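Chains as they are written, first to last, in my numbering: chain A, 1 to 222; chain Z, 223 to 385.
The set of hints was computed from the structure by calculation and includes no laboratory data. For clarity, every value in this text was computed on a predicted model and none was experimentally measured. Yeah, the Cβ is synthetic: ideal placement off N, Cα and C, and Gly gets one too. Each hint should be verified, as a subset may be incorrect.
To be verified - With a straight-line Cα cutoff of 27 angstroms, these simulated DSS-like cross-link-like pairs (lysine-lysine) come out:
1) Z:K297 - Z:K360
2) Z:K297 - Z:K270
3) Z:K311 - Z:K283
4) Z:K311 - Z:K360
5) Z:K334 - Z:K278
6) Z:K334 - A:K91
7) A:K91 - Z:K311
8) Z:K380 - Z:K360
9) Z:K372 - A:K71
10) Z:K334 - Z:K378
11) Z:K283 - Z:K325
12) A:K71 - Z:K325
13) Z:K283 - A:K91
14) Z:K378 - A:K91
15) Z:K311 - Z:K325
16) Z:K270 - Z:K325
17) Z:K372 - Z:K334
18) Z:K325 - A:K176
19) A:K91 - A:K71
20) Z:K297 - A:K91
21) Z:K334 - Z:K376
22) Z:K376 - Z:K360
To be verified - Computed beta-carbon distance windows for the label pairs:
23) A:R133 - Z:K380: 33 to 43 angstroms
24) Z:D345 - A:Y143: 47 to 57 angstroms
25) Z:N289 - A:P73: 48 to 58 angstroms
Here are the chains, one letter per residue:
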Amino acid sequence: MIRLKKHLTLFVLAFGTSTQAGYLCPNNRGHKVALTFDDGPHPNRTEIVIQALEERNTPATFFILGSQSSKYPELTSRIAARFRIANHGWKHINYTRSTVEEQRGDIERSTLQLEAFLDEPWKFRLPYGAGLRGDPQRLVESYGYRHIYWSIDPRDWDANLSAEESFQIILSEANKTPSTMYPNGHVLLLHDVQAKTAAHLGSWIDRLEDQGHCFVSLREVL
Amino acid sequence: MKKVFYSVLGVLILNFSNNALGSRFPKIQTRSVILSGAEIFVAETQQKDVLSVNSKTYILKNGNRENLELPDEVKQREILAVFKASPNKVWVVSQWVIEMGDKPLVSELNLKNQNWEELARVDCVAHRSIDLTSEGLKFTCLEDDIIEGKYVEKLKSKTVQLR
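Next up, chain A with everything else stripped away, as it sits in the complex (with noise of 0.2 angstroms):
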């Protein structure tokens, strides 16, 4: 009985506090937070997303349109410059609603335009989060790509939440313990296209550090 129980302790020691030290921030009290930006670049509001972002030295990555980067080219490489760049489609075209023949036009167009940019490996998100686990999802994986869920949605582009009371949703669900999804911690999703993300960015960081959390790369939480 003596035996077993310092097995058992060994175990929770060799695994239970390796588990733990993946979501949580050097601080071992917040959990850690990849954000995540979809559907940009947007001329006017990404930039001052970008500016939030770099006054407080907070990594990000930016799930981009095709359309928008060919669009916005230098405003691509400007985050291509200090962020990392992944795939959101061509037109943020909904995949359920689309045939296979558009689903891979979107696919191969938006990547022909952001190839330069993409890191490593190669991140896709589908638009409108329409068809994951099915068919668009294996066809996107397909291609090399790796999708990516998110595990919390602040729901920042719903006219009906107000600032405040997306920040409560970010909140709430970022001190609870990360799914098994992405247990190494959560993966925030946000739109840079969005004014009331651009304007209220920086003090959502701000806050959310205030209580102990901490924003790392999403490579860090995969």
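Once you've looked at the hints, dock chain Z against the given chain A.
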């Protein structure tokens, strides 16, 4: 036009989205109810997790519950509102809410033959309210921006005509 609304005794929209989103899943996110005579139409959305929602509609009549099969596309969308547009027609307004909102979809259910038809997709991703008026379904849409460093909101209305 008045006839159209005669059968509508009440429209009650209960929106639980704010509370639900900060809570553990699954959770009823929205529930819309119409009281029409002895019938109660209910449309509800459950968010199973952060990656998917599931919606359904049913009628409560004489103590019985009769399910109304939603079109496949609408099942995956959040039900924003349900209205009795005429004695035999129910309108369901739904929106894709995973990752990003899309244009709200207005679907019509013909109660005589249980057929669904797509009526409109309204260019109003962010909306403050949806109301049934004498002119049709009125969306109060929100457009926001950052002007000279300040976050500003502007409301605009868009109306889907009743047929």
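Holds or violated: K334 (chain Z) to K378 (chain Z), with C-alpha atoms at most 27 angstroms apart
35 angstroms, violated
Would the pair K311 (chain Z) and K283 (chain Z) pass a check requiring their Cα atoms to be no farther apart than 27 angstroms?
16 angstroms, holds
What's the verdict on K311 (chain Z) and K360 (chain Z), does the C-alpha distance respect the 27 angstroms limit or exceed it?
18 angstroms, holds
Distance restraint between K334 (chain Z) and K376 (chain Z), which requires alpha-carbon spacing of 27 angstroms or less:
Not satisfied, since the Cα-Cα distance of roughly 41 angstroms exceeds 27 angstroms.
Run the distance test for K297 (chain Z) versus K360 (chain Z): straight-line Cα separation, threshold 27 angstroms.
Distance of about 23 angstroms is within 27 angstroms: holds.
Does K91 (chain A) lie within 27 angstroms of K378 (chain Z) when you go C-alpha to C-alpha?
Given pair K378 (chain Z), K91 (chain A) holds - Cα atoms ~25 angstroms apart, limit 27 angstroms.
Holds or violated: K297 (chain Z) and K270 (chain Z), Cα atoms, limit 27 angstroms.
13 angstroms, holds
Holds or violated: K297 (chain Z) and K91 (chain A), Cα atoms, limit 27 angstroms.
Given pair K297 (chain Z), K91 (chain A) holds - Cα atoms ~24 angstroms apart, limit 27 angstroms.
At the C-beta level, are R133 (chain A) and K380 (chain Z) separated by a distance inside 33 to 43 angstroms?
Distance hint for R133 (chain A), K380 (chain Z) holds at roughly 35 angstroms.
Pairwise hint evaluation, K325 (chain Z) against K270 (chain Z), where the allowed Cα distance is 27 angstroms at most
At roughly 22 angstroms apart (the allowed maximum being 27 angstroms), K325 (chain Z) and K270 (chain Z) satisfy the hint.
With a cut-off of 27 angstroms on the C-alpha distance, tell me whether K376 (chain Z) and K360 (chain Z) pass.
16 angstroms, holds
Compare the distance between the alpha carbons of K283 (chain Z) and K91 (chain A) with 27 angstroms, and conclude whether the hinted pair is satisfied.
The hint is violated at about 45 angstroms.
Going through the hint list in order, the structure does not satisfy hints 6, 7, 10, 11, 13, 17, 18, 21, 24.
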